[in-house]
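*Asks:* Protein chains in written order, with my numbering: chain W, 1 to 190; chain Y, 1 to 476.
Derived by calculation from the structure, the hints in this document are not laboratory data.
Don't take each hint at face value.
Subject to a maximum C-alpha distance of 25 angstroms in a straight line, what follows is the list of computed SDA-like cross-link-like pairs (lysine to any residue) [said to hold, decoys possible]:
#, chain 1, residue 1, chain 2, residue 2
1, Y, K258, W, E171
2, Y, K41, W, K129
3, W, K129, W, N109
4, Y, K258, Y, H8
5, Y, K41, W, R173
6, W, K129, Y, P142
Which bits of chain W does chain Y cover? Going by a derived footprint, with three or more residues having C-beta under 8 angstroms, they are [stated by the list, open to error]:
#, region
7, 95–105
8, 108–121
9, 137–151
By construction, the Cβ of each residue, glycine as well, lies at the ideal position given by its N, Cα and C atoms.
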Amino acid sequence: MNAGRSERAEVWTNPSRDAVEFAGPSCGPSDPPAIAKSEIAGFEPRRSNPLAPTRWEHFPHEADVGIRGIGTTKAEAFAQAALALTAVVADPVTIRPMETVVVTCRAPNDELLLVDWLNALIYEMATRKMLFSEFAAEIEPGGLHGWACGERVDVARHRPAVEIKGATLAELRVGRGADGRWCAQCVVDV
Amino acid sequence: MDIARFKHDDECTWRLPATGRMCVPVVIYASEALIRQMDDKVGEQAANVATLPGIQTASFALPDAHWGYGFPVGGVAAFDAEAGGVVSAGGVGFDISCGVRTMLTGIARAEVESVRRPLADALSRDIPAGVGATGSVHLDDPEMDAMLRGGAAWAVERGFGVPADLDRIEERGRMAGARPETVSEQAKRRQRDEMGTLGSGNHYLELQEVTEIHDEDIARTYGLRRGEIVVTIHCGSRGLGHQVGTDYMREMNLETAKAGLTLPDRELAYAPIKSALGQRYLGAMRAGINCALANRQILMHLARRTLAHFLPGRDFQLLYDVSHNTCKVERHPVAGRERELHVHRKGATRAFGPGHPEVPSDFRAVGQPVLVGGSMGTCSYILAGTTRGDERAFSSAVHGAGRAMSRHQALRRWMGRQVVDDLAAHGITVRCPSSRGVAEEAPGAYKDAAEVVEAAEQAGLAQRVARLVPVICIKG
């Protein structure tokens with residue numbers, strides 16, 4: 001890998017360990033999410049600290065869940081999206097970073113790369129019976145090397161709500177907002 | 001949904017004429033109250049489906065429709081291979097052959113009351129459910145392929161159930177045309193330890209009481225009696241089906257882009273039925289159907305064993321097993337001529353009417369049982385397919401109540417413990433490892449199943465036979 005051309009997100013821990021719920025504007029890509037039309041009145045998304053430069057949040061979908069990662073780099077946004085993925089299943093703060101899993105993906109564009117990254121993590125969660133709470137990604141043209149750190153599912157402690165079947169192409173976007181921050185999002189099927 | 005653009009054909013039929021790139025109209029079957037509750041996305045997605053090559057008659061949405069990926073959930077679309085028709089992984093969905101089976105027990109509600117708590121605890125222990133659960137059946141490579149070819153018939157051969165069960169399952173328990181070699185190693189790996197697991201989310205195993213009979217003759221034919229208990233299982237093809245959906249959705253998306261096609265929604269990605277990719281997907285999807293049929297067969301066997309321990313000497317007979325997320329080759333009339341079609345049902349149940357050769361001989365005079373799931377606290381229904389259903393929506397009917405709000409909204413409104421206590425106060429015992437999961441699946445998060453099945457009946461899709469209410473609910 002050409003380290004000079006790649007961008008890397010450091011291992012991230014939830015900046016708001018109390019997982020406070022906030023109302024208000026979501027991520028700020030220049031192309032706003034097309035969900036606005038179907039936004040459900042009164043909905044307040046689950047998200048991490050909205051003041052943090054890197055953060056994650058969920059957005060509504062009628063039967064499933066939208067996940068969104070925001071970061072100062074594309075790699076950070078991917079890592080945050082992965083954390084949002086975990087938060088669909090369980091509260092990330094309950095998951096101890098005990099074991100690291102390495103993931104590699106190749107895709108022809110950033111959006112499919114995001115879906116591949118998330119689906120690779122879903123596969124690792126399903127086959128290893130693990131949950132992850134810390135993520136890092138290193139992105140270069142056409143590919144990604146990623147790391148996920150977590151532990152085996154402990155039903156009593158993690159209280160997992162639901163399995164994730166797959167990351168979908170619905171509401172799929174990877175892009176930079178007017179403020180220069182990266183946003184990576186899609187809907188996951190649960 | 002804004003209904004201003006729709007023509008109101010009759011009380012439960014709403015038609016959006018074909019315009020622009022649409023090849024056929026959109027037809028939504030729903031009461032005015034239900035269609036108004038639907039998100040605008042349902043109409044938008046159904047209209048997008050109407051643009052796909054080779055689609056026949058109409059893009060249908062049923063009374064329980066809600067917004068999905070590409071295709072609406074509760075959507076039906078049929079394609080003619082001879083007219084350039086296509087197959088779409090998004091039109092089947094991620095949980096291939098997710099479905100419902102209902103088993104008769106002959107047990108009176110009063111008998112269950114005497115063992116309610118220990119029975120609920122035992123079922124909760126014996127039915128692997130929830131995130132991270134593994135089954136007791138572990139498949140090596142040859143057995144995996146045998147299961148993917150054999151479906152429920154494979155499970156019966158391995159001792160999970162009896163041959164008579166197969167008479168009461170679509171395709172007699174084995175979907176022909178499955179090609180395990182078209183299923184990725186990743187998909188098989190995901191399934192290796194998940195045979196005989198319930199899953200999570202809206203999947204469940206319930207003991208339900210038959211509380212109302214709407215049609216005495218059909219109920220008698222089905223073996224349904226007021227006051228008796230049935231066992232209903234709702235789950236699908238587990239990790240294997242999810243991975244098949246993921247793999248082929250990606251490949252179809254890339255191929256669609258390579259062909260220079262612009263789609264209104266990427267989840268509509270497709271392959272021509274006659275293409276190599278289309279044929280590979282069909283082979284893998286059919287293997288996914290067999291996986292779901294085998295999985296539900298194993299789960300029913302486990303439930304039978306537990307029930308027999310508490311209530312011995314009974315005859316636990318399968319009533320029927322239906323699949324929701326499928327693409328099946330069937331013959332239907334189009335413009336007065338019978339044609340072979342690839343019928344996509346996403347969140348919709350096949351509902352063959354009286355006389356159809358695919359309906360088990362015991363039921364052929366009255367039509368196929370259609371099993372409609374409710375939620376933990378609301379009623380479920382058993383319907384029967386109608387003759388008219390063929391012309392209405394290629395013999396398709398509703399599959400469940402359908403969500404009325406997102407999981408997040410439900411979480412904001414209910415606490416899991418409170419939901420469990422409220423249900424207990426209404427005579428419903430819930431066992432679920434996740435209180436958050438219970439809150440997300442709170443009964444109030446779903447539409448009223450009664451309204452949905454009434455609309456289905458008025459639309460001529462199916463007719464009501466019996467109403468069921470939950471007594472014990474095991475969730476993942």
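*Asks:* Compare the structure with each hint and give your call.
*Replies:* Comparing the hints with the structure gives:
Using a Cα cut-off of 25 angstroms, the hinted pair Y/K258 and W/E171 holds, with the two alpha carbons roughly 21 angstroms apart. This hinted pair does not check out: Y/K41 and W/K129 have alpha carbons roughly 35 angstroms apart, beyond 25 angstroms. For the hint pairing W/K129 with W/N109, the CA-to-CA distance comes to about 29 angstroms; that exceeds 25 angstroms, so the pair is violated. At most 25 angstroms may separate the alpha-carbon atoms for a hinted pair to count; Y/K258 and Y/H8 exceed this at roughly 40 angstroms.
Between the alpha carbons of Y/K41 and W/R173 the distance comes to roughly 18 angstroms, so the proposed pair stays at or under 25 angstroms and holds. Between the alpha carbons of W/K129 and Y/P142 the distance comes to roughly 24 angstroms, so the proposed pair stays at or under 25 angstroms and holds. Residue count for the region 95–105 of chain W with a Cβ under 8 angstroms from a Cβ of chain Y: 0. That is fewer than the three needed, and the coverage hint is violated. Residues of the region 108–121 of chain W lying with their CB closer than 8 angstroms to a CB of chain Y number 5, which satisfies the three-residue condition for coverage.
Counting residues of the region 137–151 of chain W whose C-beta lies closer than 8 angstroms to any C-beta of chain Y gives 0; at least three are required, and the coverage claim is violated.
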